[in-house]
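Asks: Take a look at the letters that make up each chain.
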Amino acid sequence: MKRNILALSLALAMGASLTACGGGSSSTPAPSASTAVEPTASQAAAPELSGTMKVVATGDIYGPLFEQFTADTGVDVEYISMSSGEVLSKLRAEGGTPSADLWFGGGIDAFMSAKDDGLLEQVQFDAAEDLDPTYRDADGYWYSKGITIVGFLLNNGLMKDLGLTDPTSWADLTDSQYAGEIVMSNPAVSGTNYAVVNALLQSLGDEEGWNYFTALNDNIAYYGKRGSDPKNKVTSDEFAIGITYIDRSIEALTEENDVSIVYPTDGIPWVPEGVAVFKNADNVDAAKYFVEWLFSNDDHLRTLAELEQKDGSKLIKPSLEGVELSYDPSILMKEDLSQFGAQREDILAKFETLMGDKANVADE
Amino acid sequence: MYLELSHLNKRFEDREVVKDLSFGLERGELLCILGSSGCGKTTTLNMIGGFLRPDGGQILLDGEDITDLPPERRPVTTVFQSYGLFPHMTVLQNVTYGLKFQGCPRAEARKKGLRYLEMVGLKDYAAARIHEISGGEQQRVALARALIVEPKLCLLDEPFSNLDAALRVKMRRELKTLQRDLDMTMVFVTHDQEEAMILSDHMAIMREGRLIQYDRPMEIYHHPADAFVARFLGVKDLIWEPDGRLLKVIRDGGAE
Amino acid sequence: MNKPAFQSRGKRVSSKEALFRIGEGVDKLVLLFLLGSVCLFVLWPMTCILLRSLHLSGGDGFTLSSYVQVWTKYQSALRNSLFIGIVSALLCTLFSVSAAVFLSTRRGWMKGLCMAVLLVCMVSPPFVSSLAYIQLYGRRGWITYRLLGLSWDPYNSWGVIWMQALSFVPMNALFLIGILSKLDGGSLRAARDLGARPGAILRDVVLPLMRPGILVCLLLSFVRSLADFGTPVIIGGRSTTLAAEIYLQVVGYSDLEKSSAMNMFLLVPSIAFFFLYRALMRRSDRLTEGARGKQESLSLPLFRCGPLGWLAVAMSLLFFVMMTLQYGCIFLSGFLKSTKGVYSFTLKYWHQLWTISGSTMVRSVIYSLIVSLGGTLFAMLFAYYMERRRVPGRSLFDCLVTLPYMLPGTCFGIGYILAFNHAPLKLTGTALIVMANMMFKQLPTSTKICSASLTQVPVYLEKAARDLGGGQMAVVRDVILPGLRPAFLSCFVYNFSSSMTTAGSIIFLIDPGRQLAVFKLFDAVYTGDYALASLIASAITVIVLAVEGLVFLISWKGAARRVS
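Protein chains in written order, with our numbering: chain U, 1 to 364; chain C, 1 to 256; chain D, 1 to 564.
By construction, these hints were calculated from the structure, which means they are not laboratory data.
If you're wondering where the values come from, they're calculated on a predicted model, not measured in any experiment.
Any given hint could be a false lead.
[Said to hold, decoys possible] Computed cross-link-like contacts, BS3-like style, restricted to lysine-lysine with a CA-CA straight-line distance of at most 25 Å:
{"no.": "1", "chain 1": "D", "residue 1": "LYS73", "chain 2": "U", "residue 2": "LYS350"}
{"no.": "2", "chain 1": "U", "residue 1": "LYS115", "chain 2": "U", "residue 2": "LYS279"}
{"no.": "3", "chain 1": "C", "residue 1": "LYS170", "chain 2": "C", "residue 2": "LYS123"}
{"no.": "4", "chain 1": "D", "residue 1": "LYS348", "chain 2": "U", "residue 2": "LYS279"}
{"no.": "5", "chain 1": "C", "residue 1": "LYS152", "chain 2": "C", "residue 2": "LYS112"}
{"no.": "6", "chain 1": "C", "residue 1": "LYS19", "chain 2": "C", "residue 2": "LYS112"}
{"no.": "7", "chain 1": "C", "residue 1": "LYS111", "chain 2": "C", "residue 2": "LYS123"}
{"no.": "8", "chain 1": "C", "residue 1": "LYS100", "chain 2": "C", "residue 2": "LYS111"}
{"no.": "9", "chain 1": "U", "residue 1": "LYS160", "chain 2": "D", "residue 2": "LYS337"}
Bound conformation, chain U alone:
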């Protein structure tokens, strides 16, 4: 009998004790931007920082980089993986009381939306001058830690079984031989696939661009609701062609699986991967310093490049040594990033009708 009572009182007490143990960090008022330390040198001495920096990242591979930051500043880093759409939803729901400090990675369109909603903190530091202005926000609300490029992943076995010729360009993809064999993610959930739509619309012009996607739509098997769908479906022999981000992890796939990468000859769409500090966060200072810390020191960027197995940081900071691009940057499509955020809603809405029409037909 005693145990039951014990359990009951435990449950009653649970509320109080748990609130207490978690509430401490969130009750500290965030310092306002004006009191932040003005950085003076490119590698200024670390300001007095303390506490914990909470990070939402796109993956769990960044441990060593964060450990280095902890060693330099004494700030503990805790991180969790979330997709950029999830982060944005969470931010909006939190209504200006973010539970994390730093946003590390994710398609830049979400960062642009967040900036427009006033959810990001401005970060400025001297070394920002060395960064290519194409890949950073002019007002310093977001920076890029690299870019994601988009290409095709082909399943060689399926291509052969189905008697398909390898596509080499975006134009090839509308060929009717690929009907039902191309997988692409819904541009609403995938920053990279949104980049495809935006970049092609920019390069082809609105009318021709939409004609292209209408034609492509006929060949698309379905639009994945997760960003990794195309890559996964092609790797697991489910579909022949995937429109996917390309990085070293995809390159590694080609060694283990019977898949190959195609860099489209008529241009590679790309999307910057954002880094930003949440406005009103508990540890704004640490997060702001982290941004400066990362971009001011080439060692840190090289560590990042190594962890990510990506070389985009060379584009972000052209002066960076020890990281070489594995592709010719001239094949990157011309993209006007200023259109990226502003057009998102319209483009997605149009795209939705395009997909929607087809989805309904397929249902019957």
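Go by the hints and put chains C and D onto chain U.
Replies: Same frame as chain U, but now just chains C and D:
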């Protein structure tokens, strides 16, 4: 003999529940198996009904060996202690359920069902649900359901144990009348001495799995086989009805 | 209040009176705590979602525009949701009834084995089940393509239906097995006695008596299918459902107003079905009341039951074979490496598994334990107050507590952020909010289990306890809680399995510093490391089974000690 049990044995794991049991019963008679709880009377009934298979021995009914027949193929029906009525069916559906398996046409089954319900005084309740009627009424539904298929033998497992004393006396009388009218052969299991004395044509007294005495009630009353039987019956006095039927048994009390 | 009230009988009347008063006070407090918690952790977040859908929070003024948008745009998604819901509920119920009847008529090792499979299947880590499904039955599936040479496309509504139906079976089957074990054995024996062959008994007695339970299964599966977004997102292909569209609104468009409005749409059919559920549950109680609830196996030779019996056997075998394959596939994938389509054994992922920090696993177990124990106790008490005490507004509270079952997990999580991001209710970032979310997400099922079990605790026991001088608290402590022992175990198993694998609703609530095992699984899935994901899923399954086994053992020992 119409019903003949010979050398029945049953054990549950290491416990012998029925030991070398043999007796017989003539057509149209009512036999009461009497004994205190745990004496093997319900086990015996279950073996006759086919719910338990004897470890040894034989059961003959109307000259046919039914020992190995499953319950659904025996011309035997049971009125269970808990009645076993179908809660999702009406009274009439319950009563006519067994007719389905005799190829009886629906209309005819309905007519027969109403006739049997009338017999047990429940004609007005044909459309009622089981949970809407009282315990005594449920008892009668169970009885009608068991009799309607015109079995060769009807078994009753302490059917009145859930009823109050007054109702029990009434039901006892109704059952006896019904049994005479239908000329039904019945085996009735009970631990109630008075019930057994009043109802039965023959009585079988069991103790620890064995048959102690088998005879007509008055024979047992006058000539109990041993001191146990005498003490177990514990009859002090008998009260008779004017028509010569036994009305009441007055017992010493506490003789169980 | 640890002392039974009667011990103080010899003392002064006033002390006895005081003790009694304290008991009454605690009783009121407990009730207040229960109802208060439901208001705080269910009603309030739901209100926040409603307000958001009407644009009443977050800046702009009141407008129904989101509803108009949803109504005009998502009718086909809603139709598809209903279609998938109905068919998968039907299929799932067919599987569940078959499995329940099959299991109830089996004894010995076969029953033990099947029960073990059911228990394993209760643990359903997100994503990997669907991935295993694709691996087995996909376009290049091991079974469909490699074994049978079929070339078919699993990415459609039927894939979703099939997957959902299978994944809802374990819970339903356990529920139905409970109902079957309460069936009045007398009815079955009577039917046999009257000449009914096994087939007729199954058709005329067993199935009709199960009918309310079967309908409950249908409804619960239907509502669950409506709220399920994971399956259609992964294997729906072009086929979409309202729940999947809600998920898309959240992760793709971050449009909280619209997704909230879509939730409200989803609630309409669900709430309608809830009231139907209540009505049916009442009837079910009536059909099984008075039965002697003995735990004995149903004596029905299923193989002699004609076509119906064969159908039941075939469906259950199909289910158990498919489940064994699915979980076998998950486990095996962790040790297989595919090099250009050729599989070979590898321990690479096994070693990787051990790099996951132990504290993450331990935290998962601790959270889940707290949620399971707290949630089970909460559900027991809640069921008691709802079923046995005349609490004002009880049907309202009963409906409230069921709401989280009807929402896609993602939205229940968002609702919690909306509700708890400001003082004085600032809970975001705490462990409490995560556990509360898990607990209240699972409470609908927990309370249903407890309510069903409560019908087995006779009211006269309560009366007896009070008659002997025990107050309301003594009734709860000495009659209700011990009487709900069987419910405790099933409730605990359900809660623990779910807590260890919940992800959708708490992804928004989890603090970066307090990672849970299931998010390691997420990371692995995200990076496309299926082998590692499979292995993490297997590890979670093993941990769940181990902890559950331990709790079984403890409670069994506790029971044994009590008896001696």
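Asks: Evaluate each hint against the coordinates.
Replies: To see whether the hints hold, each was checked on the structure:
| no. | hint | result |
| --- | --- | --- |
| 1 | D:LYS73 <-> U:LYS350 | 13 Å, holds |
| 2 | U:LYS115 <-> U:LYS279 | 10 Å, holds |
| 3 | C:LYS170 <-> C:LYS123 | 18 Å, holds |
| 4 | D:LYS348 <-> U:LYS279 | 42 Å, violated |
| 5 | C:LYS152 <-> C:LYS112 | 18 Å, holds |
| 6 | C:LYS19 <-> C:LYS112 | 41 Å, violated |
| 7 | C:LYS111 <-> C:LYS123 | 11 Å, holds |
| 8 | C:LYS100 <-> C:LYS111 | 13 Å, holds |
| 9 | U:LYS160 <-> D:LYS337 | 23 Å, holds |
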